[in-house]
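**Q** Sequence:
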Amino acid sequence: MTVAQVRRMSVSDSPIPWLLPLVALLLVFTVYPLFYNIWLSFHEYVPRRRALEYVGLSNWTQLWEDARFWQSLTITFVYFAVALAIELVLGMAIALLLDSDGFGFGFLRGLLTMTLVIPPAIAGMMYLLMEDPQFGVISYFLQWTGLLDPAHPILATASTALAGVLLPEIWQWTPFMVLIFLAGLRALPPEPYEAAMIDGASQWQIFRRITLPMMSKVIAIAVLIRGIDLFRVFDYVFVMTSGGPGTSTYTLSLYAWQQTFSFVKWGYGATLSLVTLAIILVVASLFIKIAKVRW
Numbered sequence: 550m551t552v553a554q555v556r557r558m559s560v561s562d563s564p565i566p567w568l569l570p571l572v573a574l575l576l577v578f579t580v581y582p583l584f585y586n587i588w589l590s591f592h593e594y595v596p597r598r599r600a601l602e603y604v605g606l607s608n609w610t611q612l613w614e615d616a617r618f619w620q621s622l623t624i625t626f627v628y629f630a631v632a633l634a635i636e637l638v639l640g641m642a643i644a645l646l647l648d649s650d651g652f653g654f655g656f657l658r659g660l661l662t663m664t665l666v667i668p669p670a671i672a673g674m675m676y677l678l679m680e681d682p683q684f685g686v687i688s689y690f691l692q693w694t695g696l697l698d699p700a701h702p703i704l705a706t707a708s709t710a711l712a713g714v715l716l717p718e719i720w721q722w723t724p725f726m727v728l729i730f731l732a733g734l735r736a737l738p739p740e741p742y743e744a745a746m747i748d749g750a751s752q753w754q755i756f757r758r759i760t761l762p763m764m765s766k767v768i769a770i771a772v773l774i775r776g777i778d779l780f781r782v783f784d785y786v787f788v789m790t791s792g793g794p795g796t797s798t799y800t801l802s803l804y805a806w807q808q809t810f811s812f813v814k815w816g817y818g819a820t821l822s823l824v825t826l827a828i829i830l831v832v833a834s835l836f837i838k839i840a841k842v843r844w
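Okay, so the sequence shown: first residue is 550 according to our numbering, each after it adds one.
Honestly, I wouldn't trust all of these hints.
[Stated by the list, open to error] Label-pair distances were calculated between CB atoms; the ranges are:
{"hint": "1", "residue 1": "W720", "residue 2": "P699", "range": "22 to 32 Å"}
{"hint": "2", "residue 1": "Q611", "residue 2": "W693", "range": "41 to 51 Å"}
{"hint": "3", "residue 1": "T694", "residue 2": "P794", "range": "19 to 29 Å"}
{"hint": "4", "residue 1": "L660", "residue 2": "A827", "range": "37 to 47 Å"}
{"hint": "5", "residue 1": "V580", "residue 2": "A600", "range": "22 to 32 Å"}
What the hints contain is simulated information worked out from the structure, not anything from laboratory work. Cβ atoms here follow ideal geometry from the backbone N, Cα and C, with glycine treated the same way.
Given these sequences and hints, build the entire structure.
**A** Following this line, the structure appears as structure tokens:
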């Protein structure tokens, strides 16, 4: 291609000059890492040789026999389901409360964005301090109400550690659901509501028969976005418990990170990451098909 042709293309209506930077970014940061991870899953780093060694399907066969993998996968699904359900219900409830043009409601909607600008690691550290058994405000309140035994701290007890990690997750990302639902509620047409009120429908009937059906696509998109993000949770668990006590909060992402960087098993860590990606793709595709989400 000559210089003159390049100049003509840059000033024409051709989309190629605008797509080339995007394609380059996708190749460098998406396609190449994916194929490198696939290649790496068939190799393993040998410390004594300081080199990668081809191991075939060894990492994949080890995966299905690894009890820690299945445990971390179960914990990830529990974390995913509980957090998503709570954020969905709370997000819709708060969105319905804030769906008003009254004085101060705009300011309240603006406040919701404050939690979203905090890095998850910082939010996890905040709740780590608040759940501290000696001076944490959450632990003090639960002990004062008799809901928590001082001898069993939240994050140091296997039965409550996962709930302690879920708290910052729910606190930080419920406003995200609220904002999406608010945008959907504000875009709904008023005519069905006016007709329902004339017919004497109750608020619950209006919500169940009008609001929910018309909001179904918005809810589906919100669930899809948050579900993908929840399944790869890492920050809160790493900062607050590092997978403990024992393995009660070990998630799949944390386990892949540990195998890759702590145990220097690069091939096995790549295999775990690919399995996580495959699960997300399969679950997301099934959800898109069932919920009939269209982009």
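**Q** Does each hint hold? Answer for all of them.
**A** Structure-based check of each hint:
| no. | hint | verdict |
| --- | --- | --- |
| 1 | W720 <-> P699: 22 to 32 Å | 24 Å, holds |
| 2 | Q611 <-> W693: 41 to 51 Å | 48 Å, holds |
| 3 | T694 <-> P794: 19 to 29 Å | 23 Å, holds |
| 4 | L660 <-> A827: 37 to 47 Å | 39 Å, holds |
| 5 | V580 <-> A600: 22 to 32 Å | 25 Å, holds |
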